[in-house]
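A.B. asks: Here are the chains, one letter per residue:
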Amino acid sequence: MASFIQLLVSGLATGAIYALIAIGFTLLWQTSQTINFAQGEFVMLPAFFVLAAMNVGAPYWLAALIGIALSVVVLGVLFKAVIVDPMMRHGVLPLVITTIALSLFLKESVKDFYSSQAQPFPAPVAPRDLHFLGAVVSLQSVVVLAVAVLTVVALHLLLNKTRLGRCMQATAQNPTVARILGIPVGRMVLYTFLINGALVAIASLLISPIYLAKFTNGEALGMAAFIAAIIGGFNQVRGAILGGLILGVLDNLSAAYLSSQYRGAFPLVILIAVILFRPQGLLGRVEERAV
Amino acid sequence: MRRLGPSALAIAGVVAIGLPFLLKPFGVYLISMWAVLTIAAIGLNLTLGYAGQVSMAQGAFVGIGAYTVALLTAAGWPFFVAFILGGALCFVIGWLLGYPALRVQHHYLAFVTLAFNTLVFLVLRNEEWLTRGSYGIAGTDRPSLFGFSTDNARAFYFVCLAILVLLSAATWWMMRSPWGRAFVALRENPIRALSLGLDTRRYTLMAFALGSTLGGLAGGLYAPLVQFIEPGSFSLNMSFNLLLMVIVGGSGRFFGPFVGALIAVLLPEWMRIAEGYYLIVYAMLVMVLMVFCPTGVLGLFEKAFRPKKAPPPAPATLKAEVTR
Numbered sequence: 001m002a003s004f005i006q007l008l009v010s011g012l013a014t015g016a017i018y019a020l021i022a023i024g025f026t027l028l029w030q031t032s033q034t035i036n037f038a039q040g041e042f043v044m045l046p047a048f049f050v051l052a053a054m055n056v057g058a059p060y061w062l063a064a065l066i067g068i069a070l071s072v073v074v075l076g077v078l079f080k081a082v083i084v085d086p087m088m089r090h091g092v093l094p095l096v097i098t099t100i101a102l103s104l105f106l107k108e109s110v111k112d113f114y115s116s117q118a119q120p121f122p123a124p125v126a127p128r129d130l131h132f133l134g135a136v137v138s139l140q141s142v143v144v145l146a147v148a149v150l151t152v153v154a155l156h157l158l159l160n161k162t163r164l165g166r167c168m169q170a171t172a173q174n175p176t177v178a179r180i181l182g183i184p185v186g187r188m189v190l191y192t193f194l195i196n197g198a199l200v201a202i203a204s205l206l207i208s209p210i211y212l213a214k215f216t217n218g219e220a221l222g223m224a225a226f227i228a229a230i231i232g233g234f235n236q237v238r239g240a241i242l243g244g245l246i247l248g249v250l251d252n253l254s255a256a257y258l259s260s261q262y263r264g265a266f267p268l269v270i271l272i273a274v275i276l277f278r279p280q281g282l283l284g285r286v287e288e289r290a291v
Numbered sequence: 292m293r294r295l296g297p298s299a300l301a302i303a304g305v306v307a308i309g310l311p312f313l314l315k316p317f318g319v320y321l322i323s324m325w326a327v328l329t330i331a332a333i334g335l336n337l338t339l340g341y342a343g344q345v346s347m348a349q350g351a352f353v354g355i356g357a358y359t360v361a362l363l364t365a366a367g368w369p370f371f372v373a374f375i376l377g378g379a380l381c382f383v384i385g386w387l388l389g390y391p392a393l394r395v396q397h398h399y400l401a402f403v404t405l406a407f408n409t410l411v412f413l414v415l416r417n418e419e420w421l422t423r424g425s426y427g428i429a430g431t432d433r434p435s436l437f438g439f440s441t442d443n444a445r446a447f448y449f450v451c452l453a454i455l456v457l458l459s460a461a462t463w464w465m466m467r468s469p470w471g472r473a474f475v476a477l478r479e480n481p482i483r484a485l486s487l488g489l490d491t492r493r494y495t496l497m498a499f500a501l502g503s504t505l506g507g508l509a510g511g512l513y514a515p516l517v518q519f520i521e522p523g524s525f526s527l528n529m530s531f532n533l534l535l536m537v538i539v540g541g542s543g544r545f546f547g548p549f550v551g552a553l554i555a556v557l558l559p560e561w562m563r564i565a566e567g568y569y570l571i572v573y574a575m576l577v578m579v580l581m582v583f584c585p586t587g588v589l590g591l592f593e594k595a596f597r598p599k600k601a602p603p604p605a606p607a608t609l610k611a612e613v614t615r
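Residue numbers (the working numbering), protein chains in the order written: chain A, 1 to 291; chain B, 292 to 615.
Okay, chain A solo, but in the shape it has when bound (with noise of 0.2 Å):
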């Protein structure tokens, strides 16, 4: 019982932050139609900003502060206007292309100009261990799952209480009524990149202490934000947060309980389970397509 409740709460704290990166994945899509195949990389490179920051001498919360701004400026800014812009009226498929092309694009520079090798990276907190209900539960992965919800409910309130947010979900459902009302529908679009950008930089600052920041880190990552995106839903963002969580957990308590050879394939299963019986996800809307 006390491992589980280890296992749990480490599940968690990964669920949490592949929530947040599975959140910014499904933003791009309802607003853009971009299915981002860099997200992973886009989260691999802000701890790359960070370090960068401090080996000049920045201290930590400083370096993360300029994280979070690069990363909103370079994979929410340019990235829209480089290459989003000039294709989205061209169909998925090229975009799905450059993006693929990008991610390789992004890897490479870290690996080359950088290092390829693991670099540690500062945790926001020191390791320390708690005790809770007998089971030994880290304080990192406590802190983790807090910086996530925070970052979610404060997502939520900006989508669904402010004037903006609701633009925003305006232009998601329907660019074109929401041009009529005359909401300024580009520049919706734009916001959506601004705070994939940062959700991304967040994701990476309580991940990397973790895993290290390495320039293969993305793949895993990329991959497990389009499942929770899926199996909780593409168009609905509480929906990638139930995907992000329930995928964490599941591989936790696969890896530990089932077997670990074939961890990786567990969330594929459940994937593949619901998008032939549950094509919407589980919170997600029937989308209707016209003929």
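What the hints contain is simulated information worked out from the structure, not anything from laboratory work. In this text, all values refer to a predicted model and were calculated from it rather than measured experimentally. Please note that a few of the clues may not be correct.
[Unchecked claim] Capping the alpha-carbon separation at 25 Å, the derived lysine to aspartate or glutamate pairs in DMTMM-like fashion look like this:
(1) A:Lys111 - B:Glu479
(2) B:Lys594 - A:Asp85
(3) B:Lys315 - B:Glu479
(4) A:Lys214 - A:Asp112
(5) A:Lys214 - A:Asp85
(6) B:Lys594 - B:Glu479
[Said to hold, decoys possible] From the structure, some residues in chain B lie toward chain A, with a derived Cβ separation under 8 Å:
(7) Arg394
(8) His398
(9) Phe402
(10) Val403
(11) Thr409
(12) Leu421
(13) Gln518
(14) Ile538
(15) Leu558
(16) Met562
(17) Ile564
(18) Tyr568
(19) Met575
[To be verified] Covered stretches of chain B, as calculated for chain A (at least 3 residues, CB under 8 Å):
(20) 452 to 461
(21) 576 to 583
Cβ atoms here follow ideal geometry from the backbone N, Cα and C, with glycine treated the same way.
Chain B: place on chain A using the hints.
C.D. replies: Below, chain B alone, put in the same frame as chain A:
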């Protein structure tokens, strides 16, 4: 373009036959690899470009074909029997993979096939009793034809080239047949195709099965060409690479995969002058190419060669199909 076609084809043929005599062994290996990957890309072009079913699992089928041939020839079966069996196995598995496509489309289908690809990779890696896991299988024999051994790199290149020509001729013929028309109808408007009386269910499954078969046959050549196969070769990267070939070459265009494979196989090698940075340069080139010509290299050519006769239509794929 129409008058240009046969002469361009003749020149390409002469180059394809003459080139191996001018190249060093590594060059011959590269063009053999081009021929093999072109076969797989033709298959994906059939599924994706013509029938419009997004598949990210073509690399898995190359893997299944490669392992079938490697294991069967090691057990003493003749190469060509193993080769055909690999294709047949992929036909069956591809048919089964088509069933999800009956339920979901577009990005959902992309993710189902992507998951399938990773599952195949995990099975290849973990079932060591069959596949020797991540140690891989080395030294698959190359076939002998009428008593001639094709162990020589150049001889094996001609085997690959001959099979490529054979399979692409078969594909060409099929795309001209009512089946090919049905595939395109499936891509353009499945509901209209259904209401015109096409059995879209069967054609969807068939599109997957045939595309996968070509992937498996390519794999059957891949094993004896590379002489070493391991699960990592057939991971998502291979599927992404094949997808890249189809889209960069020109999806839904017959010669798209040929051009795309040329770019994906040779470009990284030419970029080696940039030394450690060659993959960065390659990735940048692909992005630039996609931003400036999202219909692929052949789409760019079409735009360049007939600007007056037919102004480039917005949904380029459909019009190109009709006029060609």
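A.B. asks: Next step is simple, just say for each hint if it's right about the structure.
C.D. replies: Outcome of the hint check:
1. A:Lys111 - B:Glu479: Violated. Lysine 111 of chain A to glutamate 479 of chain B sits at ~42 Å, over the 25 Å cutoff.
2. B:Lys594 - A:Asp85: Status holds; Cα separation ~22 Å.
3. B:Lys315 - B:Glu479: violated (45 Å)
4. A:Lys214 - A:Asp112: Judged against 25 Å, a Cα distance of about 12 Å means the pair holds.
5. A:Lys214 - A:Asp85: Between lysine 214 of chain A and aspartate 85 of chain A the Cα gap is close to 30 Å, so the pair fails against 25 Å, i.e. violated.
6. B:Lys594 - B:Glu479: With a Cα-Cα distance of about 21 Å, the restraint between lysine 594 of chain B and glutamate 479 of chain B holds, given a limit of 25 Å.
7. Arg394: holds (6 Å)
8. His398: holds (6 Å)
9. Phe402: Phenylalanine 402 of chain B check passes; min Cβ-Cβ to chain A is 5 Å, inside 8 Å.
10. Val403: holds (5 Å)
11. Thr409: Constraint on threonine 409 of chain B satisfied, holds at 6 Å.
12. Leu421: violated (14 Å)
13. Gln518: This hint is violated: glutamine 518 of chain B lies away from chain A, its Cβ roughly 26 Å from the closest one there, beyond 8 Å.
14. Ile538: holds (5 Å)
15. Leu558: violated (12 Å)
16. Met562: violated (11 Å)
17. Ile564: Violated, because the Cβ-Cβ distance from isoleucine 564 of chain B to chain A comes to roughly 15 Å (cut-off 8 Å).
18. Tyr568: holds (6 Å)
19. Met575: holds (6 Å)
20. 452 to 461: violated (count 0)
21. 576 to 583: With 4 residues close enough to chain A, the hint holds.
Checked against the numbered hints given earlier, the structure breaks hints 1, 3, 5, 12, 13, 15, 16, 17 and 20 and satisfies all the rest.
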